[in-house]
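Build the full structure now, drawing on both the sequences and the hints.
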Amino acid sequence: MEGMAGQKSSLAWAVNLAAFLLVLLWTIPTLGLFVSSFRDRDQISTSGWWQSFSGSEQTGFVRSGTADDQVQQDGVYVIEGSVVEGSQELSAWGTGARQPAEFQPGDTTEIDDGIQLTVTEEGTYRMTSAEPFELSRGERIFTTTISPPEFTTENYGRVLTAGGLGRAFMNTMTVTIPATVIPILIAAFAAYALAWMQFPGRALLTAAVVGLLVVPLQVALIPLLRLHNDLGIGKGYIGIWLAHTGFGLPLAVYLLRNYMVGLPREIIESARVDGATDFQIFRRIILPLSFPALASFAIFQFLWVWNDLLVATVFLGNTREQLVMTGLLRELMGSRGGEWEILATSAFISIAVPLLVFFAMQKYLVRGLLAGSVKGG
Amino acid sequence: MELFWLAISTIAIGVFGCVAWFWGSNWILDKIYPPRGDRAGDNIRRANQIRPWLFLGPAIVFLTMYLVYPVLDSLWRSLFNSDGAQFVGADNYLWLLGDDKFQESMLNNMLWLLVVPALSTLFGLLAAQLTDRIKWGNIGKSLIFMPMAISFVGAGVIWKFIYEYRAAGETQIGLLNWIVTQFGGEPQIWLTLPGWNNFFLMIVLVWIQTGFAMVILSAALRGIPEETIEAAILDGASPLQVFFKIKVPQIMGTIAVVWTTITIVVLKVFDIVFVMTNGQWGTQVLANLMYDWMFRGTPDYGRGSAIAIVLMILVTPIMVWNIWNARKEVR
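So the sequences go chain by chain: X and A. Under the UniProt record's numbering, the residue at position 338 of the first sequence is numbered 338, and the numbers go up by one with no gaps. Under the UniProt record's numbering, the residue at position 85 of the second sequence is numbered 85, and the numbers go up by one with no gaps.
It should be emphasised that the hints constitute simulated quantities derived from the structure, not laboratory data. Careful, some of the hints might be misleading.
Which residues of chain X face chain A? A partial, calculated answer using Cβ under 10 angstroms [what the hints assert, rightly or not]: (1) 36; (2) 76; (3) 208; (4) 327.
No experiment lies behind these values; they were computed from the predicted model shown. All C-beta atoms, glycine included, are put in the ideal place defined by N, C-alpha and C.
In structure tokens, the structure reads:
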């Protein structure tokens, strides 16, 4: 804290450390998903994602060559080959199932009368004998190998080309964009009327908007579904656009009104004196000046619609062709709980877009939050 | 591809429709009451009486149709039987009182209500205070704030990688169980652990909401006049005293706003429970219970609506409080 020179540095250290721990704690879950989406199914189900940065240990055995593979070198018979694949590294080996890690790489042992076996650090083995080999089956060489950290982008390829995610992505886009754009327009006009026009009932309407901010969506589901059926809209995009527009409006009107009220009165008054109509004032003055508030709401609404599950489940139907990404994820979690790599990758793709929007436009999001209120779920 | 064109044309029609309405209705109004000629003054006055309603019209229609009407309709429907054919009075509500699942849901919702706003606000306050004092604070803030952008379903998947269970002796691939076994503990199936599983679900929401609390509280902390803090330091207050006795009391109003906002989120919590446990193992909450009655098996609109109305009643105090606060602002 300022003004306490003696304790300052140790306190600063403690603050830095505490902040770091907190940030770490909050980042780890998402990081886990991110890392997992680059691992294949076996890796995910045999080791934790946090272990993926160190190599993974595997045990197994390979069979040496048989008598057919022997060559004669310098008077002895030799069978040669390798016990490792690709970039694996050998850490131990053995010749019996009881002691599969008996020897170190580079050791030599005698497996039978006069037969010497050497396995080198590079993973090559060399079996030598003074007499010709008579092996019809290869000797078993037990190995303990370490595979280097391995990551793959294959999941992304698979998920994007099949499995319905591409379709779900398009569906989500189709739902989100109109459901973000349309309420903004409607709300902007209403907010202007509430902020700068004189008419009876203005205070009451403003209060009503504040009240409607907290109405639980759940209340609206059944009545609206029936209303849509009666109107002949049924389940589909039109219905979900209308629903999201309705649900987003209280926040939009509230945010925009609060912002517009704060705009300088003189500009608007002088425009009025110059004979501008309300429509002109709105279009030429209010709308451009309100850009930050419009952006704030746009981000809120975008994130909210993109991440919504309930409204989409109810108003859009649940067939494969109609699923949005949250719905698809839910289905993946339920029916294919074992396909971790698909789940992780799909989840990461579905959160990537909102995260991008979030990091790119954080400034506006924060400003919107500080403008007074947020809609929650 | 046709989907793409459908979306584009909807935006176009929507935007064009809105603009056409606002512009067209204004134009017609000016035609009917032209703001010139010998009756100009009278006309302008009349036009200005009507114009606000043209601006507000679409919003009022939407708000009425999509929020006001459903509340009334639900209220009405909750007085009828499952298919809405027979009036049953308060039977649905009486049934709720005796229903085990409803009691469990109410209890769980109350538990959520106690834990999540408190923890989120606490961590938010801590995060705000810590990150305001360090150089890389803004990056730290972004990272703590980030879960806000993640859907509840996405969060469910993310936390699945934390809570996953493997039998003892196998390699644990859930982080929590791995840590537990590293310290010699027994791996647990966290999401079925009676009583505790609720807390594991709550943690997910705390993780999401802390960033929100932090952003608001951080702004409030910065708004505190420097003089009060300096005066306290000169008087020999320790950092902790400064924080709890000088700073926190001054941002009490903001803490209340954060608390109530998160409370509303918590009351309506649905997705997290829906995807992670679906209300099994004693984790049912009101919103998911309502979903069950409305959309699973044979729908019972009467009971479902009754639960929805209970939710509505629970948020009403906050609604009134919000309106009360807003009225003070409106002047």
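Index of numbered hints that the structure contradicts, given in increasing order: 2
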